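**Student:** Sequence:
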Amino acid sequence: MDGDGTAHAALLRALLPLLRGFFRRRLGGSNDDVEDLIQETLIAVHQRRATYDPQRPFGGWLFAIARYKMIDRYRRRGHAVSFDDIGDFADEFAFEEASDARADVNRLLEGIPAKQAAVLRATRIDGLSTAEAASRLGIGESDVKVSAHRGLKALAARVRDSLR
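With the UniProt record's numbering, letter number 96 in the sequence shown gets 96, and the count goes up by one each step, no holes.
Derived by calculation from the structure, the hints in this document are not laboratory data.
Computed from a predicted model, the values in this text were never measured in an experiment.
There could be a bad hint or two in this list.
[Stated by the list, open to error] Restraint ranges, calculated between C-beta atoms of paired labels, are given here:
1. Gly5 to Gly138: 48 to 54 Å
2. Asn31 to Ala156: 23 to 29 Å
3. Asp143 to Ala10: 23 to 29 Å
4. Arg20 to Arg77: 17 to 23 Å
Glycine included, every Cβ here is placed at the ideal spot set by N, Cα and C.
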């Protein structure tokens, strides 16, 4: 975004395998379709670069553009989906790849105390009960509850600050 051509070229090279995997998993079709969508997405990333907020996760922004390019492709081809298949079709347009979502979550959790992050991972991400999280982490159940509350409060503050 600062006009560094070397950084821009490095970014485009790094995005190629991510986008290739994203589209191949969803389209399965010809390699030409996948490559066409990659090019359309890279052009859109360049054209819309001013809309990216560096304080927010890049993966969400990138895959939103990729998702809309794929939706446009379906529209151009007149792709229809029956109501019976709508759930499967909707799954094709997941907002982010799981690995990118994990990276974004990891980045957020790195900014709060380690104990709070561990409790949030156990209870909110891994889905453990308070008792299970306490056992896993070797702390009391009340400590899990307090740490979860404080961790969520800290995350909310980080997100709120990033929007200012």
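**Student:** Look at each hint and say if it fits the structure.
**Tutor:** Results of checking the hints against the structure:
The hinted range of 48 to 54 Å is satisfied by glycine 5 and glycine 138, whose Cβ atoms lie roughly 51 Å apart. Roughly 44 Å separates the CB atoms of asparagine 31 and alanine 156, a value that falls outside the hinted 23 to 29 Å. Distance hint check for aspartate 143 and alanine 10: the Cβ-Cβ separation is about 44 Å, which falls outside the suggested range of 23 to 29 Å. Between arginine 20 and arginine 77 the Cβ separation comes to about 20 Å, which falls inside the hinted range of 17 to 23 Å.
Hints 2 and 3 from the earlier list are contradicted by this structure; the remaining hints agree with it.
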